[in-house]
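Participant: My request is simple: use the sequences and hints to build the entire structure.
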Amino acid sequence: MSTSKAQAQTASLARELGCSGSDSLQLLNCLRSKPTQSINAAQTKLLAVSGPLQAWSPVVDGTIVQEKPSVALRSGSFHKVELLLGSSFEDGLISRAKNIKKNFEQLQGRADSKTAFYAALSNSLGGDDANVFVKEAATWFYSLQHSPTPSGYNVFSRALENATSVDLSAPMDVQYLFGVPLGSEMRDVFSSKERMLTLQIMNYMANFINNPNLPLAASRTSFSKFLPPWPQFIPHPGGRGYKELSFTLNNRKNLQSPQCSFWSQYVPALITSTAKFSCETSVGDSGGVQSPTQEPKSIPDASFSLTPSKPKSEKDAYN
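The sequence shown maps to residues 1 to 319 in UniProt numbering.
If you are wondering where the hints come from, they were derived from the structure by calculation, not from laboratory data.
Beta carbons are placed, not taken as given, at the ideal position from N, Cα and C, and that holds for glycine.
Among the hints, erroneous ones may be present.
What the hints assert, rightly or not - Listed next, with one range per pair, are the computed distances between beta-carbon atoms: (1) N211 <-> G86: 17 to 23 angstroms; (2) S70 <-> L25: 29 to 35 angstroms; (3) L25 <-> S77: 28 to 34 angstroms; (4) S24 <-> V65: 14 to 20 angstroms; (5) R187 <-> L28: 37 to 43 angstroms; (6) S75 <-> M202: 33 to 39 angstroms.
Claimed, not checked - For lysine-lysine, the following DSSO-like pairs were computed, each having C-alpha atoms within a straight-line distance of at most 27 angstroms: (7) K5 <-> K45; (8) K253 <-> K193; (9) K45 <-> K34.
Facilitator: Following this line, the structure appears as structure tokens:
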């Protein structure tokens, strides 16, 4: 965000919160004195008025953010840092969960649960008007995530329920990270094992923050007597280790490898199927250009295999 735009947004926020004055320092002091809830409410109101493309983003100030990210990307001005990457059981659910859940609830009673869920998933991706390839993607997703038994459906159904729960303010890994189970008001909500896991996760993250560039520190050294070593992730088949944030804190390999079949199996089949529709043109006798076929055909009988996954437990994993 440019400095001028940031200043304009700040002025709007200040007016909304009753802060006035031409002096920047006075304005900032007034904003800093406001409660967090008031600032969040004012920001939300301004976003609603200004439209969906409005955002509160970092400012290119020449010090913290030295140049626009697009400029830095083109120039190759990268600052190499260690990254902590993670995957949660609830990843990707929030954006579709409410729509899928609503459709599923409307369809309940009309068919068995698996059929109703597939219809709800298809509707959330566009319904009958969706492109045929979008429908193929829904089929792939459904086939991958569900075993032939009802338990396969139940796992995803429970995840949807968690994602749309009114009292779920944050995913469990985030709650563990910020010590929510350790609060006195949560003593009856979380078990002693969950509180211990919270302490372990907080220690892992604190160690990473304090020593992010320490070579192999998190892969060969246990920082505490109750912290098992963290595996190092190396981008080759033998080095794809990750830490499973469960009570046992197991080290495992090849996180979510079945989900990679979307790219390794489904997408190549999709590319092959759509190749003849991808902007091919032909020149007739008159020299005119004929438009490519508009209506794509569905993917031929699957040239890729889909192995239904076993019911999964609700765990988070990081590397």
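Participant: Among the hints numbered above, which are violated by the structure, and what are their numbers in rising order?
Facilitator: Those not satisfied: there are none.
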